[in-house]
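Q: Following the hints, complete the assembly by docking chain C onto the known chain F.
Just so you know, the sequences run in chain order F and C.
Every letter in the first sequence is one number past the one before it in our numbering, and letter 103, counting from 1, is 103.
Every letter in the second sequence is one number past the one before it in our numbering, and letter 170, counting from 1, is 603.
To be clear, the hints were calculated from the coordinates, so they are not data collected in a lab.
Treat the hints loosely; a few may be bogus.
Here are some of the chain C residues that sit facing chain F, going by a computed Cβ distance under 8 Å [said to hold, decoys possible]:
{"hint": "1", "residue": "S529"}
{"hint": "2", "residue": "I541"}
{"hint": "3", "residue": "R681"}
{"hint": "4", "residue": "P713"}
Virtual Cβ for every residue (Gly too), placed ideally from N, Cα, C.
Number of protein chains: 2
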Amino acid sequence: MSEEKTNSGNGAGSRRQFLKAAGLTGAAAAAGGSAALGQTLTGVQPKAEELPPNVPDWSRYLGEGVADRPYGKPSKFEANVIRRDVEWLTASRQSSVNFTPWHQLDGILTPNGLCFERHHGGAPDVDPDAHRLMIHGLVDRQLMFSMSDIMRMPRVNRVHFLECAANSGMEWRGPQLNGCQFTHGMIHNVMYTGVPLKVLLNEAGLKPNAKWLLVEGGDASGMNRSLPLEKALDDCLVAFKMNGEALRPEQGYPLRLVVPGWEGNIWVKWLRRIEVGDMPWLAREETSKYTDLMADGRARRYTFFMDAKSVITNPSPQAPLKHRGRNVLTGIAWSGRGAVTRVDVTLDGGKSWQEARIDGPIFERSVSRFYVDFDWQGEELLIQSRCHDSTGYLQPTKSELRKFRGVNSIYHNNGIQTWLVRANGETENVEIT
Amino acid sequence: MSEEKTNSGNGAGSRRQFLKAAGLTGAAAAAGGSAALGQTLTGVQPKAEELPPNVPDWSRYLGEGVADRPYGKPSKFEANVIRRDVEWLTASRQSSVNFTPWHQLDGILTPNGLCFERHHGGAPDVDPDAHRLMIHGLVDRQLMFSMSDIMRMPRVNRVHFLECAANSGMEWRGPQLNGCQFTHGMIHNVMYTGVPLKVLLNEAGLKPNAKWLLVEGGDASGMNRSLPLEKALDDCLVAFKMNGEALRPEQGYPLRLVVPGWEGNIWVKWLRRIEVGDMPWLAREETSKYTDLMADGRARRYTFFMDAKSVITNPSPQAPLKHRGRNVLTGIAWSGRGAVTRVDVTLDGGKSWQEARIDGPIFERSVSRFYVDFDWQGEELLIQSRCHDSTGYLQPTKSELRKFRGVNSIYHNNGIQTWLVRANGETENVEIT
Chain F
1 MSEEKTNSGN
11 GAGSRRQFLK
21 AAGLTGAAAA
31 AGGSAALGQT
41 LTGVQPKAEE
51 LPPNVPDWSR
61 YLGEGVADRP
71 YGKPSKFEAN
81 VIRRDVEWLT
91 ASRQSSVNFT
101 PWHQLDGILT
111 PNGLCFERHH
121 GGAPDVDPDA
131 HRLMIHGLVD
141 RQLMFSMSDI
151 MRMPRVNRVH
161 FLECAANSGM
171 EWRGPQLNGC
181 QFTHGMIHNV
191 MYTGVPLKVL
201 LNEAGLKPNA
211 KWLLVEGGDA
221 SGMNRSLPLE
231 KALDDCLVAF
241 KMNGEALRPE
251 QGYPLRLVVP
261 GWEGNIWVKW
271 LRRIEVGDMP
281 WLAREETSKY
291 TDLMADGRAR
301 RYTFFMDAKS
311 VITNPSPQAP
321 LKHRGRNVLT
331 GIAWSGRGAV
341 TRVDVTLDGG
351 KSWQEARIDG
361 PIFERSVSRF
371 YVDFDWQGEE
381 LLIQSRCHDS
391 TGYLQPTKSE
401 LRKFRGVNSI
411 YHNNGIQTWL
421 VRANGETENV
431 EIT
Chain C
434 MSEEKTNSGN
444 GAGSRRQFLK
454 AAGLTGAAAA
464 AGGSAALGQT
474 LTGVQPKAEE
484 LPPNVPDWSR
494 YLGEGVADRP
504 YGKPSKFEAN
514 VIRRDVEWLT
524 ASRQSSVNFT
534 PWHQLDGILT
544 PNGLCFERHH
554 GGAPDVDPDA
564 HRLMIHGLVD
574 RQLMFSMSDI
584 MRMPRVNRVH
594 FLECAANSGM
604 EWRGPQLNGC
614 QFTHGMIHNV
624 MYTGVPLKVL
634 LNEAGLKPNA
644 KWLLVEGGDA
654 SGMNRSLPLE
664 KALDDCLVAF
674 KMNGEALRPE
684 QGYPLRLVVP
694 GWEGNIWVKW
704 LRRIEVGDMP
714 WLAREETSKY
724 TDLMADGRAR
734 RYTFFMDAKS
744 VITNPSPQAP
754 LKHRGRNVLT
764 GIAWSGRGAV
774 TRVDVTLDGG
784 KSWQEARIDG
794 PIFERSVSRF
804 YVDFDWQGEE
814 LLIQSRCHDS
824 TGYLQPTKSE
834 LRKFRGVNSI
844 YHNNGIQTWL
854 VRANGETENV
864 EIT
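For reference, chain F alone in the conformation it holds in the complex (with noise of 0.2 Å):
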């Protein structure tokens, strides 16, 4: 067998009999597939080495039986494709942060096990059968609900992205890190299944003076923060699927709540317990945290609002350019407020836009997926997105957020982001002053 492999394996044997196999053998196979599809498209013919044996192992001997993945991984060689955090940007782990490789992602969904995480006290592993939520405060009935309880409730479906206060916080100052990973992937995008909280509250019964709730979470860090009765009667929902199953750990199984539009950090994990009131708590999070300083030296608070943004994925520092020739631009769009409603693209800076391809479902608050197919013939290209919503609203430049903001803000960076692509296809996070 070894043997056998080894002829397979013959680089200049199994490359004629290959092409002889493609029908690319003389003048064919001298013009071959760079004739047929154009230096634009496939670009050289393949060398020798690059060619696949003529009957490649897989093609020869069974593969893994029904009974070998009863839960499925990915391939081996995606062995890349994995969620990172930056040691460096936090003191511990537990209350720390990672990000979801959007440049190796497409469509608009992000898979379960790459949606980035975010906690305070570490991924707790909740026992479901333990969970209790509690709803209590300004009501008619204190309630205290099971998961069994919760999931004989009606139950909907809806897509929406979850972004964190922080991301692209790192950019505030400048460009700091290279990768669109690191730079815009604290956002992911999910089918969550969920009971209305409109429907919970219900249960209980509001008392006239209700405004506010205090929304809590079971982990170590007891994450807290006001939620306004409005938005919780709107769209809130408990959920507790994600993506078709049951929520992952760090995403907080068995319960989180679903606050579309709104910063992540409000869309509270391990949810135990809603308390009702007239005014909002003040809690840590929502004053010393997840303010935005700005140059006066006063705070904006209770921005909850994630604004219209967008990015370009691909090409991007970590995904660059490798064949000149006919390219695939793509990058994702969201708004806080509404849905995307159009992408525009520039590939020289700003000098010139053109309207993006948007693709997939595109829902109200939710990512949507937007290409541009080009042609690279190796010029630098200073590429830019920009996301227009529902609203009407236009993402802004880094320059135009920095005028009413500043430069002391964390959160709610929603600025232009460029990429420098070089002539060997090398690309790096730049700004355009």
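A: Leaving out everything else, chain C in the frame of chain F:
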């Protein structure tokens, strides 16, 4: 610390504290959750040993850090949510099938790790850098594509179901397997990213007499099928991503054919070769297999479409009713001819039907999710669902189906499924004759 654990686990003590925290002391506790939510939701007040400790460990100790899961996995409490196979069904594990646990899922998407597998030579581990796709036959230019060639062509995103022609095949002669995972688990529903097959065929240039394609896989079974050119030019994709990430090995990594609405066997995985011809090839998988033997001994051939179908996933034999009062009945519906327009549900074996609530996005040739929120007081139920599609077609009963098809068939069984829900909630696969 172990002592703390003991204390926090102290039933009576911690219950008292918990009820106090929950404001459910004294009279409130007596009436308690039940009065609050009514029998129909919570049933009786939980017993002390059912209550969580006042402060569960996951609220007291740090959880996992962000570097612990480069690629995430489900909670350990979800270990029974897996694909399952039926050992006696096939002679070998490599030419076999496993089934998607729809009774444990929700929404319309199947997580990649739970998409049913069906292969004829095992699931190979194909090296994407060595993989090639060849297009030859009645074309102007015979072509060979590397993965990077294909990934530089214009791509689209589409949500489609893939159903094995043999899904529910074991039910032709009457109820056989207890569980929708086994009776209806050979379908999954995924968002694909790929290049329209039309784009690749246009690169090659079709001869005037081109009418059929032979599509061939790179696995050890060399799976091949004849595909009418008209369908290939209509909506077929050469896909490289599913639900945002690369195809899984068992789903054709790095490249598979997507043939919306048609039987799964023709969605060739590990796609390596497309030959263009002027007539079908009469391959093994479209003559001795994947044909429908009629009562008179003749066989239907090239029966590509998967007709409108549905199944109730909850309650079902693997997911019995466990609580009286409010419950959620849910299931999935789909049609290979177009979109699901309506789903009817009966609780009394067809005497009376009600329209189910369809929730979540509706796509052409995709699974849709339906719900009936109902109240159950322990009465015996005979539950069925039936799917209407955009062509006006209504899913038939099994006996209607047998009138035309006899009972020799293995494939294309889209008859209405019946579950019997007993007084104790246990649920069984039955048929009404």
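Q: Take the hints in turn and mark each one as holding or not.
A: Here is how each hint holds up against the structure:
A distance limit of 8 Å between C-beta atoms decides the matter here; for C/S529 the minimum to chain F is near 5 Å, and the interface restraint holds. Interface hint status for C/I541: upheld, as the beta-carbon distance to the closest one in chain F is roughly 7 Å, under 8 Å. Of the supplied interface hints, the one on C/R681 holds, with its beta-carbon coming within about 5 Å of a beta-carbon of chain F, less than 8 Å. Evaluation of the C/P713 hint against chain F yields a violated restraint, the C-beta minimum of about 22 Å exceeding 8 Å.
Consistency note: the structure conflicts with earlier hint 4 alone.
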